[in-house]
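Visitor: Take a look at the letters that make up each chain.
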Amino acid sequence: MRSRFHLIAIAGLLLGNGAGDVRAETIRVTVEKMAFVPAQIQARVGDTIEWINKDILVHTATVKDGWEVLIPAKKTASLVVREVGQVDYYCRFHPNMKGRISVTKP
Amino acid sequence: MNMRPMTALATLCLLGLASLAQAADKPTDPQIAHIAYTAGVIDVENAKLAISKSGNKAVVSFAEDMVRDHEAVNTQALDLVKKLKVTPEDNDTSKALSKAAEDERAKLAKLDGASFDKAYVDNEVAYHKQVNGALETLLIPSASNPELKALLETGLKIFQGHQQHAEHVAASLK
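From first to last, the protein sequence lines stand for chains Y and B.
If you read the first sequence in this note's numbering, its first letter stands for residue 1, the second for the next number, and so on.
If you read the second sequence in this note's numbering, its first letter stands for residue 107, the second for the next number, and so on.
With the rest of the complex left out, here is chain Y (with noise of 0.2 Å):
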């Protein structure tokens, strides 16, 4: 697992993303048998969320009026957070899934 944070960093450092990313996380969301788990994270900026669908079902995490990323069905699928702040993101497709993302400066 450290070896995959460090490649993150320097696919980090090589985009020039800057310094803030040479911490940057990877924070995993399990979606699973129709759920978000866990439904509530804390990230900072420039941290790398990670959904990994073990689903027969695609799915999303979508922010009302904000990004969007396709989940396919047995799939992985990532975003980097870029504001501080608390979004609430749900799955388009199955609106009862739901989920929480708490943004802090890095």
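Among the hints, a few may not be true.
To be verified - When the alpha-carbon atoms are kept at most 30 Å apart in a straight line, the in silico DSS-like pairs for lysine-lysine are as follows:
#	chain 1	residue 1	chain 2	residue 2
1	B	154	Y	74
2	Y	75	B	263
3	B	213	B	159
4	Y	98	B	280
5	B	201	B	235
6	Y	64	B	263
If you are wondering where the hints come from, they were derived from the structure by calculation, not from laboratory data.
Given chain Y, work out where chain B should sit, using these hints.
Guide: Below, chain B alone, put in the same frame as chain Y:
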């Protein structure tokens, strides 16, 4: 005006669950696979009717969700029966479900606009309730193959989500 879903539910219960109880106390795996698959096909057909008839955004997007999910579950079901070398077996419950669904679709086909939307969504609530009840009390406990049982359990989770979603859409139509 809540008569329609209640009537639909009562009819489905009479045709579906009663015949389940009569036909066999404990359906076999090939019968369970057939019932579950049939239930999915019915919902996809109802959804396709809704997509073609409804002009309501929430109703159409719910119907699209039903097509996407039920087709995904049924694809898994087909893969599983192939892997297990099980041939789904037609049975009285599947037949009763199909017959009730045909009657319901004939009723829906005659409706338009808001009355169609309401009837479709109310039926979706009642139908998912009925199928989830059958999964919980009969199909899952009766399944003997662990992989089939697991897929039915996954299906139940998904369809419970659909039921909530349908209830939410139904509330928005009032």
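Visitor: Sort out whether residue 280 of chain B lies within 30 Å of residue 98 of chain Y, counting only the CA atoms.
Guide: Given pair residue 98 of chain Y, residue 280 of chain B holds - Cα atoms ~24 Å apart, limit 30 Å.
Visitor: Given the hint that residue 213 of chain B pairs with residue 159 of chain B, test it: the Cα-Cα distance must not exceed 30 Å.
Guide: This hinted pair holds, its Cα atoms lying about 13 Å apart.
Visitor: When you check the alpha-carbon spacing of residue 64 of chain Y and residue 263 of chain B, does it fall within 30 Å?
Guide: holds, 25 Å
Visitor: Is the Cα-Cα distance between residue 75 of chain Y and residue 263 of chain B 30 Å or less?
Guide: holds, 19 Å
Visitor: Verify the proposed pairing of residue 201 of chain B with residue 235 of chain B, using a straight-line Cα cut of 30 Å.
Guide: holds, 19 Å
Visitor: Run the distance test for residue 154 of chain B versus residue 74 of chain Y: straight-line Cα separation, threshold 30 Å.
Guide: Roughly 26 Å separates the two Cα atoms, so the pair holds.
Consistency note: the structure conflicts with none of the earlier hints.
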